[in-house]
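Chemist: Throw the hints in and build the complete structure from the sequences for me.
Note that the numbering used here has the sequence shown beginning at 1, numbered continuously upward.
It cannot be assumed that every hint is accurate.
Label-pair distances were calculated between CB atoms; the ranges are [unchecked claim]:
#1 E269 x L142: 40 to 46 Å
#2 T117 x L47: 30 to 36 Å
#3 D305 x A234: 23 to 29 Å
List of simulated lysine to aspartate or glutamate pairs, EDC-like, C-alpha gap at most 16 Å [as the list claims (entries may be wrong)]:
#4 K278 x E247
#5 K124 x E84
#6 K124 x D148
#7 K268 x D297
#8 K268 x E247
#9 K94 x E76
Bear in mind the hints are in silico, worked out from the structure with no lab data behind them.
Glycine residues also receive a C-beta, built at the ideal position from the N, C-alpha and C atoms.
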Amino acid sequence: MKDVEQRLQALEAQVRRWRRTTLGLAAFGLAALVLGAAQTQDTTDVLRTRRLEVLRPDGQPLIVLAGNDAGGGLVELRRGEAAELVLALSAESKGGMVRLGTGGPAGQRSYGELGPTHWRVHGKADQMLWDLGLGPRGGGALRLCDPDGETVCEIGAEALLTGRLALATGSTELEAIEPVKDAPLEQLRVRSLQLVGEGDTVIGSLGKNESGGGSLELRAKEGGAVLRLGQGPAGHGRLELRDRAGELAGEFSATALGEGALTLFGRKERPLMRLQPKSEGQLPLGGEFAIFNYSGDQVIRLGVDTAGAGEVGVFDRQGEGRIVVPR
1 MKDVEQRLQA
11 LEAQVRRWRR
21 TTLGLAAFGL
31 AALVLGAAQT
41 QDTTDVLRTR
51 RLEVLRPDGQ
61 PLIVLAGNDA
71 GGGLVELRRG
81 EAAELVLALS
91 AESKGGMVRL
101 GTGGPAGQRS
111 YGELGPTHWR
121 VHGKADQMLW
131 DLGLGPRGGG
141 ALRLCDPDGE
151 TVCEIGAEAL
161 LTGRLALATG
171 STELEAIEPV
181 KDAPLEQLRV
191 RSLQLVGEGD
201 TVIGSLGKNE
211 SGGGSLELRA
221 KEGGAVLRLG
231 QGPAGHGRLE
241 LRDRAGELAG
251 EFSATALGEG
261 ALTLFGRKER
271 PLMRLQPKSE
281 GQLPLGGEFA
291 IFNYSGDQVI
301 RLGVDTAGAG
311 EVGVFDRQGE
321 GRIVVPR
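Modeler: Below you can see the structure in the form of structure tokens.
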């Protein structure tokens, strides 16, 4: 009996030792777990969900990540208490799509769409206002609509380097204006036009001259003007012939009375001969022919006097001389 009691006491002492050891190990394990959780942060490589929303305190979504009806991805940004849509990025059947909106309740918001083939703007009633993108014939196209969404203008590029313009007014249907292939150009409106030769050298030009009128100029390949047709200082027509250096050699011009005058020039653009009308005030008398020396002094004059008879004048360099008329 005494042996049994001794054995029971020994077993109880052994149990107490194991209990203390077990509690110590449990406390150490719990402390290690707490310290490890404080020093490490679990991360998830993949988060799988059908829809993800970032909500306002009242539960309205501000950011939405989901799938759309076309089977592609969708990102939406919303604002305000009504969670109005202001930006949407989506994958459509024909490519990516960006939609920008002004927000606001239904019937009071407009938005624009930017896709791979078009750029559209819609009004507050969801009506189309304008569309810029690919046309039905493969070229670029622009469509403009009235506030009701009715198309009033279409501009498009067709095949064979041709364009197409269609206009409508009121309830009138679009009337197309299409160029005929190889048809001549009816009208070209430009401020100036240049003809360019080899090496981008300007060999001709059509534009405005110093007098403010129109001017046509042809140049030599060296660059100097050889022919100039335009308006003179007095506002009348004038044709100039020049040498390859650009020096004036001949001039044919109109006078105030609607008559013509011809002048030939020598070196340094000094006149040599001039054929022009002669008048007394506004009264025309006839023609006059003058010859000049190389200094530009008139030395011979053949013309008509006030009586309608011919006259010949011979002069020196100072302008002194005599005039011969028939008696």
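Chemist: So, for every hint listed, does it hold in this structure?
Modeler: Results of checking the hints against the structure:
As the Cβ distance of E269 to L142 is approximately 54 Å, the hint placing it in 40 to 46 Å is violated. Between T117 and L47, the C-beta spacing of about 34 Å keeps the proposed range 30 to 36 Å intact. In this structure the supplied range 23 to 29 Å holds for D305 paired with A234, their Cβ-Cβ distance being about 26 Å. Distance hint between K278 and E247 is unfulfilled; the C-alpha atoms sit about 27 Å from each other, more than 16 Å.
Annotation: proposed proximity of K124 to E84 holds, straight-line Cα distance about 14 Å (limit 16 Å). Only pairs whose Cα atoms come within 16 Å are accepted, and K124 paired with D148 is accepted, the gap being roughly 10 Å. Only pairs whose Cα atoms come within 16 Å are accepted, and K268 paired with D297 is accepted, the gap being roughly 14 Å. For the given pair, K268 sits about 7 Å from E247 by alpha-carbon distance, which is consistent with the 16 Å threshold.
As the CA atoms of K94 and E76 are separated by approximately 19 Å, the hinted pair breaks the 16 Å bound.
Consistency note: the structure conflicts with the earlier hints numbered 1, 4 and 9.
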